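Asks: With the hints as extra help, turn the sequences into a complete structure.
Residues are numbered in the working numbering as their position in the sequence shown, beginning at 1, plus a constant of 210.
Derived from the structure by calculation, the hints contain no laboratory data.
A quick note: this is a predicted structure, and the numbers were derived from the prediction, not measured.
Do not rely on the hints blindly, as some may be mistaken.
Said to hold, decoys possible - Straight-line Cα separation of at most 25 angstroms, SDA-like style, residue types lysine to any residue; simulated pairs:
1. Lys403 to Tyr491
2. Lys216 to Leu249
3. Lys470 to Phe367
4. Lys432 to Asp317
5. Lys509 to Glu277
6. Lys331 to Ser511
As the list claims (entries may be wrong) - Each pair of labels, with its calculated beta carbon distance range:
7. Gln467 to Val240: 30 to 40 angstroms
8. Asp235 to Glu258: 28 to 38 angstroms
9. Lys403 to Val240: 53 to 63 angstroms
10. Asp490 to Asp374: 35 to 45 angstroms
11. Arg396 to Tyr439: 28 to 38 angstroms
12. Asp292 to Asn398: 39 to 49 angstroms
13. Asp358 to Leu316: 19 to 29 angstroms
Glycine included, every Cβ here is placed at the ideal spot set by N, Cα and C.
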Amino acid sequence: MAQAQKGIVAEPNLHAQYLMFNVVDDELSVMREKLARVLDLFDYYDEEHYEAMVSGVIGIGNSFWNEIYPGATPRELAPFPDMQCEDRCAPVLQADLFIQIRADRLDIVHQMSIEVLELLKLHVELVEQVRAFRYLDGRDLTGFIDADDNPRGMKKFDVAVIGDDDIEFAGGSYIHIQRYRHDMARWNTLSEKRQEQVIGRTKEHNLPVVDSGLSSHTHRTKLLRHGKYPTLLKQSMPYGNMSVQGLFYVACSNDGQAFKDVLYSRIFGDENGNYDRFLDYTSAETGAAFFAPSIQFIKRSAVSQTVDDMLSSQIDFDE
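Replies: Okay, here's the thing in structure tokens:
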């Protein structure tokens, strides 16, 4: 079976850097080769600093896929769903590449980010960078446990990674990202009981809140496949400084429609107007859709395109 990129199903880390780029030149064969070298960079740091639990992900933007990998396209790769209802919206950020770097050491995350940028800088412009961190015992900055419904163990693969039924893209994953900005001042005016009703879980022990209703964050985001399996594996982490705080949301799935369904449930809610009340206290500022191919796909494409370019050059020379 094709091997998924390690960062798709990695265990939580202490530090992360999220980078998004737009490609600014037409040397796509060079770009394919350099993406394979980014994977080599991930492997090098993982081996040299195994105790730091290093992982990475390369995602290709929906609008850039057919340029860098012409031919077959992941069947459910689509533009980021641009939604709006009243003051709740999901804005779109145009990005060709998404690179996620995570480790339990901030210095390693920083150095890897520098080396990735150095490798790609002649071909890309950086459009977004967010440094994130683990907060307490895996909580959002609101104080609540984040992604409590995430699958664990091998079930991560069942949710996030495409299986052998799609041979060409086996080992791949659909990725959707959003950068949320929390209104912490407004959130902190709520009593703990009211916060728990909004989230749908207790703050200290992460237990279900019985009277939270159909508009709680937990209810609106917990969509199940076949009635019992989660549809998304979330690799989100908090970010912030003294002025701005929020969550960098990363959702991975083997179903390209799954994120759209969850987002619709949050923004539009049900026919009775039960939307995700947590959106009264946080707002998305960016959103983008990517596909993270398997390791073999990226490396095979780099090699095959290099060979094709060599053959093409030889033909031109002979003529």
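Asks: Against each hint, give a clear statement of whether it holds in the structure.
Replies: Now for the hints, and whether the structure bears them out:
{"no.": "1", "hint": "Lys403 to Tyr491", "verdict": "holds (16 angstroms)"}
{"no.": "2", "hint": "Lys216 to Leu249", "verdict": "holds (10 angstroms)"}
{"no.": "3", "hint": "Lys470 to Phe367", "verdict": "holds (20 angstroms)"}
{"no.": "4", "hint": "Lys432 to Asp317", "verdict": "violated (35 angstroms)"}
{"no.": "5", "hint": "Lys509 to Glu277", "verdict": "holds (17 angstroms)"}
{"no.": "6", "hint": "Lys331 to Ser511", "verdict": "holds (21 angstroms)"}
{"no.": "7", "hint": "Gln467 to Val240: 30 to 40 angstroms", "verdict": "holds (34 angstroms)"}
{"no.": "8", "hint": "Asp235 to Glu258: 28 to 38 angstroms", "verdict": "holds (31 angstroms)"}
{"no.": "9", "hint": "Lys403 to Val240: 53 to 63 angstroms", "verdict": "holds (57 angstroms)"}
{"no.": "10", "hint": "Asp490 to Asp374: 35 to 45 angstroms", "verdict": "holds (43 angstroms)"}
{"no.": "11", "hint": "Arg396 to Tyr439: 28 to 38 angstroms", "verdict": "holds (35 angstroms)"}
{"no.": "12", "hint": "Asp292 to Asn398: 39 to 49 angstroms", "verdict": "violated (31 angstroms)"}
{"no.": "13", "hint": "Asp358 to Leu316: 19 to 29 angstroms", "verdict": "holds (26 angstroms)"}
Checked against the numbered hints above, the structure breaks hints 4, 12 and satisfies the rest.
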